[in-house]
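Asker: Chain by chain, the residues run as shown.
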Amino acid sequence: MKEVLRVKKPGVLTTVQDLGRPHAIAAGVPPGGAMDRFAHRAANLLVANDETAATLECTLSGPELVALEPCIIAVTGADLDPRVNGEPEPTWTGLFLSQGDELSFAGRRHGGRAYIAVAGGIAADKWLGSMSTNLMTKRGGMHGRQLLSGDVISAAIEAHAPAISGRHLAPNLRPDYNDHTLHAIAGPHIRRLGADGRKQLFSSEYRISRDADRMGYRLEGPKLDASGDELLSFGLAAGALQVPRSGQPILLMADHQTAGGYPVVATVASAAMPVAAQLLPGDILTFAEVSLESARKLRADQRAALDSLKSWRSVR
Amino acid sequence: MPPPRSTTKVRTHPLGDAALLAELGTRLDTALNTRAIALANALKRRRDVRQAVAGYASVTVHFDPDQTTHDALAAAIQRLASKRPPMAEPGRLHRIPVVYDGPDLEAVAAVLGLIPAQIAAIHSKPIYRVFLVGFVPGWAYLGPLPEELELPRRHVPRTQVPAGSVAIAGRQSGIYPLPTPGGWHLIGRTPVKLFLPDADPPCLFRAGDRVKFFASRA
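Protein chains in written order, with my numbering: chain A, 1 to 316; chain B, 1001 to 1218.
Everything labelled a hint here was simulated from the structure, so no lab data went into it.
Every residue, glycine too, gets a C-beta built ideally from N, C-alpha and C.
Treat the hints with caution; some may be incorrect.
Have a look at the derived ranges for each label pair, beta carbon to beta carbon [stated by the list, open to error]: (1) V1192(B) / Q99(A): 49 to 55 Å; (2) G247(A) / T1159(B): 18 to 24 Å; (3) A304(A) / A1072(B): 19 to 25 Å; (4) F202(A) / T1069(B): 21 to 27 Å; (5) I164(A) / R1092(B): 54 to 60 Å; (6) I1127(B) / G107(A): 58 to 64 Å; (7) V1192(B) / T286(A): 43 to 49 Å; (8) H168(A) / R1092(B): 40 to 46 Å; (9) F202(A) / T1159(B): 30 to 36 Å; (10) T286(A) / P1181(B): 27 to 33 Å; (11) L60(A) / R1027(B): 42 to 48 Å; (12) N178(A) / R1092(B): 48 to 54 Å.
Counterexamples of contact, computed for chain B against chain A with all Cβ distances above 10 Å [as the list claims (entries may be wrong)]: (13) K1009; (14) E1023; (15) R1050; (16) K1083; (17) E1106; (18) S1124.
Stretch-level coverage of chain A by chain B, calculated; a stretch enters the list once three of its residues show a Cβ under 8 Å from a Cβ in chain B [unchecked claim]: (19) 20 to 31; (20) 252 to 266.
If we strip away everything but chain B, and leave its shape as in the complex, we get:
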């Protein structure tokens, strides 16, 4: 089924004199994200655009200020957004093994009134969408996480989270691609490499891809 024709106006804001933020909405919504990815892909083909990055419900456009202006690009975005977006291809499906033995698993289970095995079962049930790739190399925001597992971030972020840690926060899940500081709850780990420095693009997941976790022994 083709995505519905959009009626909402895209709001554009300067992000300096060489970038702009085009907001399609403010809700965590698969349809909005699909439109953002389609808009980013259309913008990438323009000569005056250096890069276009889809957010959850927005596109950040980096442009060459010697070739275009904010206003000209904003008008072009408005035209592109009012067109029926091309039918979105179903994103690639990644099956990711997870050992559910994260350092926060017991605590998360206790707070939610569940047992660790239930956390694993609920977390590995849905097919998640890659809403956004970014933050650090290879990081992907996956969602939506089932409501039963919704928790705010940790009060005190860890200064170092091991690469491969599978984590949850809010209505999102993610996998730490590199050892970095992090404030999400660590419920498991995976041997799958998310950051692929010798590939281009150097990451496993792309915006719009789908991810299915499955419990694994080791």
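If we strip away everything but chain A, and leave its shape as in the complex, we get:
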């Protein structure tokens, strides 16, 4: 392990995340992991890491980090206007930092969560097979908490080859974060809405309320009536859209509760979760119904975009 970055300022909420602990849901532990898996994976591939390596998830504002060693980093996801020594730098691009260089962020331009990958991957506490930070149980990542000033970030492995900076993901291969249409698949209890309710769900605008975090987003908009017999509790998944008695739906995100008894009327397609992950309170979204087949196609397209970064690696 090599110390690579020192945290000068932590930002509003910066946590270590990887692809989570999907196995732990059977014990009631949220699966966790990066909210925007596409940005997380791309950041890693841009610095020649494995996609499963840990990155920093920066919510709303970015941290200020000082390079303790020369290193390659990449910033993806939300555009928080990254700077190196005050000079603007591109997102979705491998950047070289010399010892003493400072990475900072001038301010949010769009999106809610940026990801910072470091060549070699970030070393952090592993809990139940994952380095993802779980704030509720205070486990994983940087000792189970968000980053604080003075923290030192180490690389998990010494980058095997001096990764080349300047590697780039073309804009047409990135998710369109400005299009807040969330593709969703009809859920187990869709019929409770009736034909009118279903039409309403897939045609109305919903706004993210202030009650929105890594566990889920409470949405404001036309009320949905999914009433009926009380359901026996069942296992849940990220992307599930629950309708409690209030009729205001809740979209479950990475740190979601693992079981519940509210009707699930739709589930956001995995390919649309990166866009969902970038939404913030006040943002307007719509749900567009897609078939399982279309959801698979969207997923395959995203996979191909990420794989284009891998083939780059094999050519080198």
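Start from chain A and add chain B according to the hints.
Answerer: This is chain B only, laid out in the frame that chain A set:
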């Protein structure tokens, strides 16, 4: 006695493009729950399944969409569910001491027309089944609660329930493993730790386990 051969069809519904919900029934029923746990265990052994979580009468299956499809997995579930399930092992028995002095004990007793000591006696009489582990880390839905103690949830949930609180709602009982918000009636407390962060799995109870409460002084 082996569980009866199932005849009902399992209904599967997409839960997005990487998970599905397989419903075995809609009743709170030990036999259905036994089948759900057996089905979840069988599914966990498949390479294309990342995790399978038993609900009361359902299984939520998280799968790798690069390795299988909803339809292929649904067909496999149908085949597995039509087979005679393996004989269920009796779940481990946990004996849990409870101090019956919860903040809702008096109110619960008053609503039910009982005295607090009767609440303790009725609550600690049965051997409960762990129907489902989930919601928050270490939480387990225990049941069935004797009918005499059946109550709807509190109108106004508490914003913070202390860890170790023993609670009831509907035909269920549970123990809050972590300080969390909660809408159940708090009738007692236990020093037993339900959430074990340094163990794997990090929880004391597993689906299918049995739980016996006993009254304790402190």
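Asker: Any hints from earlier that this structure breaks? Give me their numbers in increasing order, please.
Answerer: 8, 14 and 15
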